[in-house]
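*Asks:* Construct all of the structure, not just a fragment, from the sequences and the given hints.
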Amino acid sequence: MFKYDQCLVCAKNKCTCKPYEEEAPASSLKRASTITHDLISFVKAKEEFALTGECNADEIYGVAQELEANVTKFADKVERRRELLQIALIFFTYEKKLTSWVDELQQKFRRDAEIPFEALEGVEACESSLKDILTR
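Quick note: the sequence shown uses numbering that gives the first Met the number 0, first residue 0, plus one each step.
Read the hints as simulated data drawn from the structure, not as lab findings. Every residue, glycine too, gets a C-beta built ideally from N, C-alpha and C. Take the hints with a grain of salt, since some may be wrong.
As the list claims (entries may be wrong) - No farther apart than 20 Å at their CA atoms in a straight line, the calculated lysine to aspartate or glutamate pairs in the DMTMM-like style are these:
1. 130 x 120
2. 43 x 58
3. 76 x 65
4. 43 x 67
5. 130 x 113
6. 43 x 65
7. 43 x 57
8. 72 x 120
9. 45 x 67
Unchecked claim - Okay, the calculated beta carbon distance ranges per label pair:
10. 134 x 113: 16 to 26 Å
11. 80 x 51: 12 to 22 Å
12. 134 x 95: 26 to 36 Å
*Replies:* Right under this line is the structure:
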């Protein structure tokens with residue numbers, strides 16, 4: 000039995016998405032899902048066609064196995080691309096947050112650099128100065 004019964008768009012076994020709908024940003028993924036659904040139907044129909052006796056059953060099974068292998072490779076590639084896109088989305092989301100945090104720190108340290116610094120003598124003076132800086 001064909002192992003990729005899941006839709007490539009919604010990743011559900013019983014797909015409710017409309018593969019030909021071009022409005023979604025992932026229209027190429029939807030087209031891939033349509034092709035996969037069609038190929039799955041072909042693989043499932045091979046038994047009926049082979050039993051009719053109109054063609055060589057061994058030839059039908061051979062073509063179906065080759066097609067199934069190609070669809071499996073294709074579905075694996077689509078799944079890897081989906082995972083890569085998810086990783087990229089997470090990376091750039093956190094990169095944006097990290098960049099804004101670094102910008103805030105740079106601005107804070109620039110403001111702190113404008114305050115004149117006096118060398119303190121003694122551990123107690125340094126500790127109290129550190130407490131003052133941390134409470135700002």
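*Asks:* Next, verify each hint and record whether it holds.
*Replies:* A quick look at each hint next to the structure:
| no. | hint | result |
| --- | --- | --- |
| 1 | 130 x 120 | 16 Å, holds |
| 2 | 43 x 58 | 16 Å, holds |
| 3 | 76 x 65 | 17 Å, holds |
| 4 | 43 x 67 | 10 Å, holds |
| 5 | 130 x 113 | 18 Å, holds |
| 6 | 43 x 65 | 14 Å, holds |
| 7 | 43 x 57 | 16 Å, holds |
| 8 | 72 x 120 | 71 Å, violated |
| 9 | 45 x 67 | 11 Å, holds |
| 10 | 134 x 113: 16 to 26 Å | 18 Å, holds |
| 11 | 80 x 51: 12 to 22 Å | 38 Å, violated |
| 12 | 134 x 95: 26 to 36 Å | 29 Å, holds |
The structure fails hints 8, 11 (numbered hints given earlier, in ascending order).
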